[in-house]
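**Student:** For reference, the chains in residue letters:
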Amino acid sequence: MILEVLIIIFCACLICALRAALGPTAPDRVVAIDALVVLMISALVLLGVYYRAPIYLDVALVYAFLAFLGTLAIAKYLEGRGIET
Amino acid sequence: MIEIIAYILLGIGAFCAIVGSIGIVRFPDVYNRIHANTVVVVGGAIVMLLGASVLEGLSSYTLKILIIAFFIFLTNPVSAHAIARAAHKSGVKLWRRSVVDKLEEEKP
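Protein chains in written order, with the working numbering: chain A, 1 to 85; chain B, 1 to 108.
Just chain A, same shape as in the assembly (with noise of 0.2 Å):
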């Protein structure tokens, strides 16, 4: 059960990366990695439960809070090129 949900997860993944290839903005590309992130870290804890791997799950901690710091970055990169232009 857990290797068809992984299945699903990586078509749901690379219909998000055709969205961050095609995206015609730039707040575009940053939703559709967003959504990656998140789904690649359920795929990280699913594997983690598979494989019986503790190890998993702390990448999966680590990345979630980088994905989010990266986020705020651009965010705030965006805004502030808004407002210079």
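Quick caveat, the hints were computed from the structure, so don't treat them as lab data.
DSBU-like mimics (lysine-lysine), calculated; alpha carbons at most 35 Å apart, straight line: (1) A:K76 x B:K93; (2) A:K76 x B:K102; (3) A:K76 x B:K64; (4) B:K89 x B:K102; (5) B:K107 x B:K93; (6) B:K107 x B:K89; (7) B:K107 x A:K76; (8) A:K76 x B:K89.
Put chain B on the given structure of chain A with help from the hints.
**Tutor:** What follows is chain B alone, placed relative to chain A:
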């Protein structure tokens, strides 16, 4: 019984993940895509994490998985709000059939 509940939760999460991804591709502008992003996060990822923790039973894995789920649940609205505000301030246009823009009216 526990495994059946866990598999139902995993199925709901996978369904919401694929539906939200299709929404991210199909919706017309940034603000609607943020809506679909919320479907992926709250309906997909957090329900899948809850299903994984139910499947795991009571162990040290469960606490870590619940911490990750709570962290994602806290930080997703913050990042969605920041991205929407940044997109509006950097001049991304709304979809042509959107009806109201309160933030534009607030500008002096």
